[in-house]
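Asks: If you number the sequence shown the way this note's numbering does, the last residue is 452 and the count never jumps.
Everything labelled a hint here was simulated from the structure, so no lab data went into it. Honestly, I wouldn't trust all of these hints.
Calculated pairs, DSS-like style, for lysine-lysine (alpha carbon to alpha carbon, straight line, at most 25 angstroms) [what the hints assert, rightly or not]:
| id | residue 1 | residue 2 |
| --- | --- | --- |
| 1 | K197 | K43 |
| 2 | K198 | K141 |
| 3 | K141 | K256 |
| 4 | K274 | K362 |
| 5 | K271 | K198 |
| 6 | K198 | K145 |
| 7 | K198 | K49 |
| 8 | K317 | K43 |
| 9 | K197 | K317 |
| 10 | K256 | K197 |
In this text, all values refer to a predicted model and were calculated from it rather than measured experimentally.
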Amino acid sequence: MKTIYYTVLLLTVSLHGCATYSHFSGDFRTSLRARNYEDARAKIKKSRKRGNQLLYLLENGLLTHYQGHYETSNRYFAEAERLSDRLYTRSVSREAAAFLTNDAIRNYRGDSFEMVAVHYYRALNYWYLGLPEDALVECRKANLKLDQYAIHNGQTSYKNDAFIHYITGLFYEATGEFNDARVSYQHAQDAYSYYEKKFYTAPPQTIAEDLKQVDDILNGKESDMRFASLNIPPFVPPVGNGELVIFSEIGFIPRKVQEEIDLPVYEEDIKHSKGDKVSTIAAEISHRRHRVYPIRDVEYWLRVTLPKYEAVAPRTKHILIRAGNRTIQTQIAQNYAAIAKTSLRDHYPRIMIRTIARGLVKYIAHREAKDENEVLGFFVNLFNISTEIADTRSWVSLPHNIQIGRLELPPGIHTITLEALDANGRIIETETFTNIEIKPGQRTFLNHRIYQ
């Protein structure tokens, strides 16, 4: 009995870090809204627990990026990539412990879209450091990762990334690699057709123009014939002007929170929940949600805890970009909120079955212990209650969505004003960037964050 008591105590303490990761994100995001990045990083350090190392690296990578520490940011992200690759070789001992306790005891390995987002930020870091070739390497790495997802992610919705293809095309075109730019723009256009259905994200209007532009450069009049049906005018290179491309990163990706549901379990379920059959019974039980059952037939109401995303949207709808007498409104190019929710929905049946199976095993252990000894049964039940939490971990500093805006500007030093607009067109926040240099015939990239 002492052994069981100490096991309960040890596991309850060890699981405390997992339980608090999603809880800490409220204070963490408060620091981000105040743009107090050092305070936010201190809070991340306090939440650094075994199993959360990848999150520690991802959060720090993004925060140091916003601080302008691009080399430091890349070091965090590079270590995050290496760790994620290692974690996909699962620890058998931690998987077994997770089945006995909860999914939050596992090492967090990162969602597919999170690990692709790493390459977006690393590419920007390299571009700002004056290393465009290294930025393109990150784009290629992202595309290789997407190829792997297309092969291994089976029926999951996220296995391509239109936004990554789009920015790859922008970088290629900016470095004069027009053939590669055309291929990337075509991939982006195709992927956005899928995005529109799965993630409710239409392609930015500029993609067709970009594709036409590089095709004009490569093929001249033949391009006009191919694109005639789109009513896009022939590309005329700007004389002496440059282009500013702004990525507006809006709000916060929704947080994962915990929900509890009760499912009826019958005596027959208990009898057949032995060995490898427990998952089969768990799958049957999972279909009983939202159904009505006679109470007299129910042996036990199994309470399981599952993750879900909050239904929260940012106040900011769009960004109005002002440069002198020029204005343009941004368009959504990446919707991380929709991708995250769809990704969880894809994995939800497996998470639910695993959670139910674990609950069945715990209940059977409790019943057997109680039959043997009332006190022993109490401690086993305490263990069950104290260890049943949902895995609500995620990269919580990611934006809700990324929007793109592009302006052709004369060469020189510019002041850029960004106005965050709500759904009614009211200005809720203004941000100004000074000393933005535009060079003739070149593309300048700028990303910024609006937390509202």
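Asks: Compare the structure with each hint and give your call.
Replies: These are the hints, each one checked on the structure:
For the hint linking K197 to K43, the alpha-carbon distance of about 38 angstroms lies beyond 25 angstroms, and the restraint is violated. A distance of roughly 24 angstroms separates the Cα atoms of K198 and K141; the hinted pair therefore holds under the 25 angstroms criterion. Distance check on the hinted pair: K141 and K256 sit about 28 angstroms apart at the alpha-carbon level, beyond 25 angstroms; violated. With a C-alpha separation of about 12 angstroms, the suggested pairing of K274 with K362 holds against the 25 angstroms cut-off.
With a C-alpha separation of about 41 angstroms, the suggested pair K271 and K198 falls outside the 25 angstroms cut-off, and the hint is violated. Distance hint between K198 and K145 is fulfilled; the C-alpha atoms sit about 20 angstroms from each other, no more than 25 angstroms. Note on K198 and K49: the hinted pairing is violated, with a Cα-Cα distance of about 35 angstroms set against a maximum of 25 angstroms. Taken as a hint, the K317 and K43 pair is broken in the structure, with Cα atoms around 29 angstroms apart against an allowance of 25 angstroms.
With a C-alpha separation of about 21 angstroms, the suggested pairing of K197 with K317 holds against the 25 angstroms cut-off. Restraint check for K256 and K197: the C-alpha separation of about 23 angstroms stays at or below 25 angstroms, so the hint holds.
In terms of the numbered hints stated before, the structure departs from hints 1, 3, 5, 7 and 8, listed from lowest to highest.
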